[in-house]
Amino acid sequence: MPLDHIKIMQEVRSFPTMTGTATKLLSMIDDPNTDVAKIEEVLRLDPGLTANILKLTNSAYFGLPCTVGSVRQAIVLLGLKRLTQLILASCVNAIIDKPVPGYDLSPGELWRHSIAVSIAAEDLVRELRLPEMPEIFTAALLHDLGKIVLGGYVKDELQAIDDKTSEDVSFVQAERMVLGTDHAEIGAMILTSWSFPSEIVEAVRWHHMPDEYEKKTILIDVVHLANVLCLMIGIGVGREGLLYVPSPEVTRRLGLKTTHLEVVASRTLEWVNDFTERFGSN
Amino acid sequence: MKHVVLVGDMKVARKGDILVTHALGSCLGLMVYDPVIQVGGLLHAMLPLSKINPKKAEENPYMFVNTGVPELFKAIYAIGGEKSRLIVKAAGCGTPLGNNEMFRIGERNYTVLKKLLWKNNVLLKSEDVGGTASRTVHFDISSGQVIVSTSGMREL
Ligand SMILES: [Fe+2]
Ligand SMILES: [Fe+2]
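Taken in sequence, the protein lines are chains A and B. Just so we're aligned, residue 1 is where the first sequence starts under our numbering, counting upward by one. Just so we're aligned, residue 283 is where the second sequence starts under our numbering, counting upward by one.
Only chain B is shown next, with the shape it has when bound in the complex (with noise of 0.2 Å):
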């Protein structure tokens, strides 16, 4: 079955299931699978940082790349997924054009994301981040295939 996972939310899903997020601009989304049992999960983070909006990140953590990472990966661990197995993707983190430092939440949600899987000792399998792209991410549960298009498609 296909879900799709909107701004702000996490999914996991088995075997037969498609997850798919749309529009990632300058979000995270972080793909993380188990090809020994065939489950994953999708995050699609809008924010780096939840100490800008606590309650907010108590409501809901999948807002911020800080608190919604360790969440993916709780899920992934509750169906039975194996850290040392763990296949890990990323897309979006887009910028707009220019030069404004300001509007780099992209980039900041990347570099949070980085330092967070390099203290938990994981690596990035393969990512599709920055530019101006908007990304729509196919994440095949079966065959743990990511596919993320733009304007046109390309295999992560």
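Extracted from the complex, chain A is given alone in its bound form (with noise of 0.2 Å):
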């Protein structure tokens, strides 16, 4: 479908950015020279980004001791990385929470689904005890941006694309072959746009193909198994199903076992429901 294609490379390049608070607050963070009042002082001018981190900063998954009231203490308590997290998380909220068609994911699923992967995946890195990775959180949460632009492609060509899948063809593979490209490289190129880190980058284009990449990350790895795994949990688990491999390349160079997936989704469930109940009592 070379129409689709050029159409979608079209969608690709209008696909919104994020918003001039946001973009600010992150380049702000990454200048080891700001301060943290400088940063207060960006962040009184948006009190609804206000709002929403420090919402999230109370949610259950970052089990701090006391509620936290201002964003000098959020920043004291869980330090500038996870504020970042939680600045970009909001933003794209407003990019995501919404239904995608094609996928038949229902309004909210998606920003339910993307926090999902990012808790289940660092929960991985604590069980398998990985080295810390500070950008799986924000890797995670964009892993299926692209679905926003694809998703109405998919649905377009909703029958070629289901009638190409099998036993041995995923949905993603299938989206390829009849689209010409898939939702993860669509979301590798939106991140591109917006100047994201490659390691990001790589590890959205290849979260579900991570043995066709010739380098392998961890990060990569991570994202992929988290994000099979909160599908099996019905997180965000759209019309295709569990039409998805999970690669027993990546399960054993991490040394995974059923246990770790068990003892991972017994937790990130709750903490999925209280992070993404939190944002949605405005």
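Treat the hints loosely; a few may be bogus.
[As the list claims (entries may be wrong)] Now the stretches of chain B that chain A is said to cover, found in silico as 3 or more residues with beta-carbon under 8 Å:
#	region
1	303–315
2	369–378
3	382–395
Source of the hints: derived by calculation from the structure; they are not laboratory data. The beta carbon of each residue, even a glycine, is placed where N, CA and C say it ideally should be.
From the two separate chains plus the hints, produce the assembled complex.
Written as structure tokens, this is what we have:
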């Protein structure tokens, strides 16, 4: 479908960027010379974003001993890395918190799925005793961003895509066969245009096919596994169901066992519920 | 009235009610019905065995098959259901594509269910389990009818 492909690329180019405040904040946090007072100053001008950050800060997932009421306190208790992730999560929420056609995700499901994969991925890192990876929350949060663009096209070509899927052909492979691209690649393109670091872009690009990338990174591996796990427990599982392949190679490389998956699943569900419920209560 | 049963939850209902659960991937959906007094219950359990996280199981037994299934039967008995009359149906327990041993949680959910039922002399009347489908269950408590839908619809 060359025509579809051209249209998809146009949509990628006109995809919304993040809000001015977020972009400003993210670059400030990257700058080692920025002090906390300056960050507070920028946030003061965006009460909506501040409220969201505080809500997320107080979620059960972070397990803080007291209720946090100010940005300064949030930074002290969670650190700037977390603050960055929460700013990003707030902004991404506005983009992905809607129904996604094609994959048939009801409003809020892609958001819930994205948060779930972030939380499950971080928990897998701990459970498997892997080295800490601060980028994993963000990589996982954004892994399915491409579905926002591709959903409409998937919907139009659903029959053709369905016909391609089989025991040996996953849904994402079928997307590629019919549309000439897939949601993972589209996500990577959007993040490239947002000037995201390449390791995050590659984690998004290869989240379904880690074996096909010549470089192996734990970041990609963990996002890959956490994604399948969240689909299995029904968080953000669309009409394509479980038509995805969890890579045996990745499983072996990380020494992953069923018990790891089950322990993480048992913790993830409630963290995700708490995290997303907070956000919904405005 | 329509009641939605979320992941890791269980509800019982009476005549006039409909129990619904969505997005059964690897999770088990278990439907129990007493046609004489028209009551039923639906469990949406996520993982096979509670020993993986005993603390969670204490807070929420419905998360696990081995603790959730007995709770479902107890709840049905508590509202007058009789074991000899119960009609039991199962859905879900899916598995992703490929042959990754570690991702067979759905199959393990099913195995634990079958063992539990067998030990207690309960038969499954029908089932729609396995494969890659994400299933939705509509359980009509007036008639006992269970409809499983994926992209299409099918009666159990
Ligand atoms: Fe994906
Ligand atoms: Fe995903």
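Hints, verified against the model:
no.	hint	result
1	303–315	holds (count 6)
2	369–378	holds (count 3)
3	382–395	holds (count 8)
The structure meets every hint from the earlier list without exception.
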